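If you read the protein sequences in the order shown, they are chains P and H.
Each residue of the first sequence is one higher than the last, beginning at 332 in this note's numbering.
Each residue of the second sequence is one higher than the last, beginning at 4 in this note's numbering.
Note that these hints are calculated values from the structure, not bench results.
Since the structure is predicted, the reported quantities are computational estimates derived from the model, not experimental observations.
Be careful, since some hints might not be right.
Looking from chain P toward chain H, a few residues come up when the C-beta cut is under 8 Å (computed) [unchecked claim]: (1) 336; (2) 370; (3) 371.
Derived, one-sided and incomplete: chain P residues facing chain H with beta-carbon distance under 8 Å [unchecked claim]: (4) 337; (5) 344; (6) 347; (7) 353; (8) 356; (9) 429; (10) 430; (11) 448; (12) 449.
Output of the computed footprint for chain P on chain H, the stretches with three or more beta carbons under 8 Å from beta carbons of chain P [unchecked claim]: (13) 233 to 245; (14) 310 to 317.
Built from N, CA and C at the ideal position, the CB exists for glycine as well.
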Amino acid sequence: MDKQTSRPEGAFVLLLMQATFWAVAGLSAFPFALAGQPFLVGLGLASILLGAVAVLLAVGLLKRRARSRRWAIRLEITCLAGSLLLLVLPIGANHGPVSLMTNVGLPLAVILLLRGKMMRSAFAAPVALSGF
Amino acid sequence: MFDISPDHAIGLYAGLLALPVALIVMWLRPARNSMPGTVQAASVLMTVSGAIHLGLVSTHLGERLTAVLFILNGIAYIGLAQMFTWRWWRPAAAALVLATIFGYLGFIALGFDTPDQVALATKLLELITLGLILVPVRGYARPRDRAYSWALVASGLPLLTLVSGAAIWGIGLATPDAQHVHAGAVLQATNAVATPEQVAAAAQLYAETKAATLPYQDWHQAWAAGYRPGSTSMPSTHWMNAAYVKAGYVMDPNRPEGLVYANSKHGPVLLGAMFQMQHINQFGPDPGGPLTAWHQHENICFTPLGFEFTFMTPYATCPLGSIDLSVSPMLHVWFYKTSGGPFAVDIDSSVVAAVDRS
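Same shape as in the complex, but just chain P (with noise of 0.2 Å):
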């Protein structure tokens, strides 16, 4: 068998955890919502959808597509660039082990996995996935 680098599936599996992380997050806000404040279920469809997104740029990386690697990437840094913003700033955010893995941690992650030469040309040239 031609043994290939893990790193797009361990990136898949950190991307699939965000993306129902995500979800989860978009799925609490509908009580409130029903509660009487209405903004809520935008924001919660939202969530939901980027969990979606989330799932299709995962999916594109098992694929080994570069576009979906592109933006795998540039969403987990805006996520991390928002996250250390919120660390920062005195607003009482949550600093705890969960939010700083959730966060900080898999963002970070997912970038470390993504990127480098020998990442750019492994997803240089698209492959069917078979078994899926």
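Put chain H on the given structure of chain P with help from the hints.
This is chain H only, laid out in the frame that chain P set:
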């Protein structure tokens, strides 16, 4: 749920110490070259999870069953993590992780423990480990196994994450500790029973506040004094006075930072007043002891769109467009009879509904 339980902190330190050790051990093993990076990463994370469980033994010696389970779980994790070249490693490791996650959910459901940050971080680690164990890697997995593994990863992992999160959240909200009176609100620490002096001081504060805010029963007077409403889509609304907030008055009955109005059919009806401190974690004076304990809202997902909010999920995420923040300590004074007393964190929704209907 968002705190670190003192007897769990040692588990976190054990896990952090184990990480570099696990990485060095993995690096020293030549067999790792025959395995995909996802398996190696899963093995390292299993060692970390095992170290967390073993680290918790020392603070749970009084709970024999829990301590034994931690020992068995820790040894199983670390032992299995080293056997990653074994033919049946994937199913065995996945079964161990699943058993640990479901075991923990059962444990907290039965009330043996309450979820905290160490437990949640460990479950998060285990969910990621499970994904790394199951995900097939091109060139390593047999085609026959791939479809089966993909089904587990793509549907089972998100479902398990969703179920675990919902269960932990539900249990956490249903069983708050003494300092967390309701979701997102942390109470100021006070003595347990009010002394006669504290009862008198609380009564005086109530009388002074009620008398000073009497003109604001007419919301036009409140508006003229600089109070402005937040979102009016809820049954009640906080009206805040930005100048008073900025000035930093401390529990001044003549200048409460906020007023609470019910949004009745006939216009705003004054329900109570609210004192607020300027800075997070800075609780105000507490003349009435347990009767006038301040509270601070933490881990609120706030969105400027309509000034609406939700609670942060156990995975520390907020809906898109909202940010996680804490609100500086506050003390309400309610002018309608409510079950928690005149200084309760919340006014009963039935009271607000009755006022709204009036």
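Cross-check of the supplied hints:
1. The beta carbon of residue 336/P is positioned within 8 Å of a beta carbon in chain H (closest approach about 7 Å), and the interface hint is therefore held.
2. A cut of 8 Å between beta carbons decides the hint on residue 370/P: the least distance to chain H is about 4 Å, and the hint holds.
3. Residue-level restraint check for residue 371/P holds (minimum Cβ-Cβ distance to chain H is 6 Å; threshold 8 Å).
4. Taking 8 Å as the C-beta cut-off, the interface hint given for residue 337/P holds, the closest approach to chain H being about 4 Å.
5. Hint status for residue 344/P relative to chain H: holds, with the closest Cβ pair at about 4 Å, below 8 Å.
6. With its C-beta approaching chain H no nearer than about 6 Å, residue 347/P sits inside the 8 Å limit, and its interface hint holds.
7. Because the closest C-beta pair between residue 353/P and chain H is about 6 Å apart, less than 8 Å, the hint holds.
8. The restraint placing residue 356/P at the interface with chain H holds, with a minimum CB-CB distance near 4 Å, inside the 8 Å limit.
9. Hint on residue 429/P holds. Least Cβ distance to chain H is approximately 5 Å, under the 8 Å limit.
10. A hinted interface residue such as residue 430/P counts as satisfied when its beta carbon comes closer than 8 Å to some beta carbon of chain H; here the least separation is about 4 Å, so the hint holds.
11. Of the supplied interface hints, the one on residue 448/P is violated, with its beta-carbon coming no nearer than about 17 Å to a beta-carbon of chain H, more than 8 Å.
12. Proximity of residue 449/P to chain H is violated relative to the hint, the smallest CB-CB distance being about 12 Å (cut-off 8 Å).
13. Coverage of a stretch by a chain is defined here by at least three residues with a beta carbon nearer than 8 Å to that chain's beta carbons; for the stretch 233 to 245 of chain H and chain P the count is 4, and the condition holds.
14. Judged by the Cβ-Cβ criterion of 8 Å, the stretch 310 to 317 of chain H is covered by chain P as claimed, because 7 of its residues qualify and three suffice.
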